[in-house]
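Enquirer: What follows is the residue order along each chain.
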Amino acid sequence: MSTRTRHHWIVRLTHWVNVVALAVMIGSGLRIFNAYPAFARKGETFCCYPFEGRPIPGALTFGGWLAGARNWHFAMMWVLVINACVYLGFIYLHGEWRDLVPRRGDVRDSWEMVKFYAFARKDHPAQGKHNALQRGAYFAMPIVALIAVLSGLAIWKPVQLSLLTNVLGGYVWARYWHFLAMIALVVLTIVHVFMVFAVDPYSLRSIITGGYDESKSPERRNARPFWWKAGVRSGVGGVGPRSQPQTPDPTPQTAKQ
Amino acid sequence: MTLDRRRFLELSGASATAAFLAACDSMGPAAAKRWLMYAERKNEGVERTLLRHTSMDGARRSAKTAGRAFPTYFVSEQMPMWDPASQGAWTLQVDGAVKRPVRLTLEQLAALPRRTQRVNHYCVEGWTAVAAWTGASLSDVAKVVEPTADARYVDFASFDSGYHESWDMESAMHPQTLIAYAMDGRWLGVNHGAPARVHSPVKLGYKNTKYLVRVTFMPERNGGYWSDRGYEWYGGT
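Sequences listed follow chains A and B, in order. For the first sequence, the numbering used here assigns the number 1 to the initial residue and increments by one for each residue that follows. For the second sequence, the numbering used here assigns the number 258 to the initial residue and increments by one for each residue that follows.
Because the hints were derived from the structure by calculation, they are not lab data.
Computed beta-carbon distance windows for the label pairs:
#, chain 1, residue 1, chain 2, residue 2, range
1, A, Val193, B, Ala406, 57 to 65 Å
2, A, Leu88, B, Arg305, 25 to 33 Å
3, B, Arg309, A, Leu93, 30 to 38 Å
4, A, Val167, B, Pro328, 22 to 30 Å
Even glycine gets a Cβ: it sits at the ideal position worked out from N, Cα and C.
Start from the sequences, fold in the hints, and give me the full structure.
Expert: This is how it looks when you write it as structure tokens:
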């Protein structure tokens, strides 16, 4: 059994602060959006949103009314940004960024993962801490968040930060990019949570206490979404899906911790 | 009854808090409320730091003038209309912490240096509407009355059921802050705040008092219709 700290406590803390901050930002943002659930300038139509004028269901919103939601939104934005700076600063200084940035061959490796999940490939592709698809998603997250923050600043201060607003195509478009960035964050989050439960529920422990049993990694279990056997139970000598003896991690290139 | 300073502060504090509590049930427990108000104060500091008189708004050339699609809005039961027969000729009272308080007639207001600007109207709800506003810059009105050194805020009061909003002096003196009396080349209509209103792209719509009757320079801020009901006081763009 090989248990070690998979995620540093700063990574775990900022992850959960981010969950709370993002939930409040999205809920209050949707409540603000509902005050005018459209993008068109008055007297115009908007090309690119099929639900112009239709409000978001109230159950998905937070803050109660427009002013309440705005108060929460403009307070929580600082938590979100400061938390993101702590996280990004930490993984930069501590080296975790190496597990998260795309590498040469990631496009091919992503395709191999897709093939594996589609049963077009028998064995789980070799990976380090994360597989190529995960790296893509985790790398995209801060980039989309940056777009959300910049477009948010652009619609908060469209006159004093008019340079930024104009770069984004003006107030109407900046508001649209802000909305799309939120949608992208929601999609990434849903896929992330789905994959945690469908492929690697053992990793839940690693984002709470930090502990992780490498012998139960998706690679060892040859895990596809909802298609894997429970991993080797430590000390009991169970058999993994691949009836090979447990060998050391076959991909030494990312032994970072 | 005379109010000494302490009693006055107690009363105003109590009423402001009561209004805030009444309006903001949704703001959660008291700790959250304190935190949200703290964040609002900090955000005001950030916004005041960002304010530049050289940052100007201008509607994009491709943006359509809203015209009839420009939303109308007032807080009275019925559309407020100035009735010269019963109320006399409309005047704009400019007073407070100034050396020479005045009452300006519409003609006197229109005789001040005239500025026309085609800008966005930024509503707190998230929509924008484009119109060309004509009026006198408040900074030109200020040259007439000469605010004293302690004038740090300006209150804009209306005849629309006591609607008013107070501003920081810096935003009020922004060259695009107008006492507007015309919109899209015509005298202001009753649905947009006739005879005159505040219009400025540097503040959200609710800070732009319509149906204006009084501009008061003040050493202290005195809140506002929506600011007292939970919307942020600064409301800058």
